[in-house]
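Participant: Each chain, letter by letter, is given below.
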Amino acid sequence: MEENVIVIEGLSKNYKRWFSSKGTKALDNLTISVPRGSVFGFLGPNGAGKTTTIKILMDLIKPTTGSAFVLGKPSYDVDVKKRIGFLPDSPAFSRQLTAREFLNICAKLLRIPSEQRNETVEEALHTVKMAEHAREKLGSFSRGMLQRIGVAQAILNKPELLILDEPLLGLDPYGRQEFKQIIIDQQKKGTSVFFSSHILSDVEEICDRIAILKKGHLLCTGELDKLLAASGINVVITPGEDKVFKELMTDAEGSVKNPDGGWTLSFPHNNPELLKKIEDMKKESPDALAISASREKLEDFFFRTVENANV
Amino acid sequence: MNEIITIASGTWKNVLRMKVVYFLILCALVLVASAINYDVLSMGLQKELMIDVSLVLNSIAAMLVVISLTFEIPKELREGVASTLLSKPLGRFQYLIGKMFGCIVTGAVICALIAVGSFFIFNMSFGERIGVTMFQTHLLVILALIPMSALGVLFAVLLPEVIAPIITVVVVWFAFSTKFLAGIPVLYGGILPDLDLFNFRANAVYQVQIPWMYVLLVTLWGICYAAFALSLASIVFERKDIK
Chain E
1046 MEENVIVIEG LSKNYKRWFS SKGTKALDNL TISVPRGSVF GFLGPNGAGK
1096 TTTIKILMDL IKPTTGSAFV LGKPSYDVDV KKRIGFLPDS PAFSRQLTAR
1146 EFLNICAKLL RIPSEQRNET VEEALHTVKM AEHAREKLGS FSRGMLQRIG
1196 VAQAILNKPE LLILDEPLLG LDPYGRQEFK QIIIDQQKKG TSVFFSSHIL
1246 SDVEEICDRI AILKKGHLLC TGELDKLLAA SGINVVITPG EDKVFKELMT
1296 DAEGSVKNPD GGWTLSFPHN NPELLKKIED MKKESPDALA ISASREKLED
1346 FFFRTVENAN V
Chain V
849 MNEIITIASG TWKNVLRMKV VYFLILCALV LVASAINYDV LSMGLQKELM
899 IDVSLVLNSI AAMLVVISLT FEIPKELREG VASTLLSKPL GRFQYLIGKM
949 FGCIVTGAVI CALIAVGSFF IFNMSFGERI GVTMFQTHLL VILALIPMSA
999 LGVLFAVLLP EVIAPIITVV VVWFAFSTKF LAGIPVLYGG ILPDLDLFNF
1049 RANAVYQVQI PWMYVLLVTL WGICYAAFAL SLASIVFERK DIK
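Taken in sequence, the protein lines are chains E and V. Sequential numbering from 1046 applies to the first sequence in the numbering used here. Sequential numbering from 849 applies to the second sequence in the numbering used here.
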């Protein structure tokens, strides 16, 4: 059986307002699980309940009903946090402390032995490329630099699970690229990653599983490849095969001219006659065309799922 | 215990690195020193005036440190500093004790600097040795930080950022005026701390020594009251959503 690092069962959160019987329902009966070793993208429009879920996982917010388990322990277990790395959505730290002092405080709280502490802090600073700013006060840091220090404190304890709330926010393109590499490296080391993001292209690049939320309701969850697969087929036509191109062009949903002079045509997968016609042409002249399954873009899938949802 | 000291050290480093703290200490010492010029106005009692002013300014400094705590906790909760710290293996109660302990150490350092500066000015001005009573009264101001900072933590957890410092100031003022509140037995009987127990300015001025047993007992009372206030704060804080 696949072990899950996060198990959320029937989680609901209702924010009550003072002097009012009505509240705001941030989460409604959410149930998801995150397998060990995966990079899990947690998606949804603003106000979907992503941050609320993440804060419940970190025991910063108490659920109204339901339960959340992290690394096999209830989310309110203090000791389990030794094995988790967490980056809040807009990291803020004590302004008068230097980066190194702050990371030392985090290392002490994470109960990293004193003889390993300095080495661990230096390693984390190098990983996020902030070693040269280690002696500067956090109050003088830009948002992107704070985000890097936030990442450093999250990976200090070499966590089994990284929970990141909007980690790519505030980073420049170089920072985003470096950060994605950090996530990939962490996964290679065996760390499971659970993160929320609005940058769908990045999610598509690094995640193997996703969940989409809207107004506190789960719309879909599963392996990214399965969710985006089989939306149609792509046919790549070899340059100079104009006859094949003209014959297929009329039925194509889309066409793109390739740099080599050939064409890529896309077709829906729900037209058996058309598919048979393409397969027959492939048998007749195998070198003239290549067939591959087309994959839907996450962005298209996201908008389609969110807009069609009746919540 | 390590977690508490870690949070406390972060708190005192954060406050004691602000330049404004040392500017305020300097201002306090200038005010103490200026008492020497009030010989006519004080009818020759400038020595007593200087002792009194140094104790009053030390009490105000202690109060300001506690007020800064009532700003800091809600600010840390609002800005997300607390979220980062509480995402580590740190209990919420430990966070509160750490904050209170940090406040006490910060206040103790600032009050000690003002006290030592005042002793030096007193010695230079009048050429007299510092009596035990003067030392005891300044020590009591520092010890008053224990219940005061616990109150600060309680209000910081219970009330919004803007209201918490105001209520803290009002309650501390009432708590230093318990003779005025004697007619309200419920308040006098323990809900509000009796901070007047730590106020021995008259003894300092007239060099009447305070029994060390009293200092010990009042310290124990302060610790008990702090435990009571912190327990209340903790009950609320454990259930609080940290956004």
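Careful: at least some of the hints might be erroneous.
If you want the ones that stay clear, here's a sample from chain V, every Cβ over 10 Å from chain E, calculated [unchecked claim]:
| hint | residue |
| --- | --- |
| 1 | Leu874 |
| 2 | Phe949 |
| 3 | Val964 |
Calculated cross-link-like contacts (lysine to aspartate or glutamate; reagent style EDC-like; alpha-carbon spacing at most 20 Å) [unchecked claim]:
| hint | chain 1 | residue 1 | chain 2 | residue 2 |
| --- | --- | --- | --- | --- |
| 4 | E | Lys1107 | V | Glu896 |
| 5 | E | Lys1070 | V | Asp1089 |
| 6 | V | Lys1091 | E | Asp1134 |
| 7 | E | Lys1328 | E | Glu1341 |
| 8 | E | Lys1322 | E | Asp1332 |
| 9 | E | Lys1061 | V | Glu976 |
Quick caveat, the hints were computed from the structure, so don't treat them as lab data. From a predicted model like this one, the values you see are computed outputs, not experimental measurements. Every residue, glycine too, gets a C-beta built ideally from N, C-alpha and C.
Participant: Would you mind marking each hint as holding or not holding in the structure?
Facilitator: Do the hints match the structure? See the list:
no., hint, in the structure
1, Leu874, "holds (19 Å)"
2, Phe949, "holds (14 Å)"
3, Val964, "holds (24 Å)"
4, Lys1107/E <-> Glu896/V, "violated (56 Å)"
5, Lys1070/E <-> Asp1089/V, "holds (14 Å)"
6, Lys1091/V <-> Asp1134/E, "holds (10 Å)"
7, Lys1328/E <-> Glu1341/E, "violated (27 Å)"
8, Lys1322/E <-> Asp1332/E, "holds (16 Å)"
9, Lys1061/E <-> Glu976/V, "violated (63 Å)"
In terms of the numbered hints stated before, the structure departs from hints 4, 7, 9, listed from lowest to highest.
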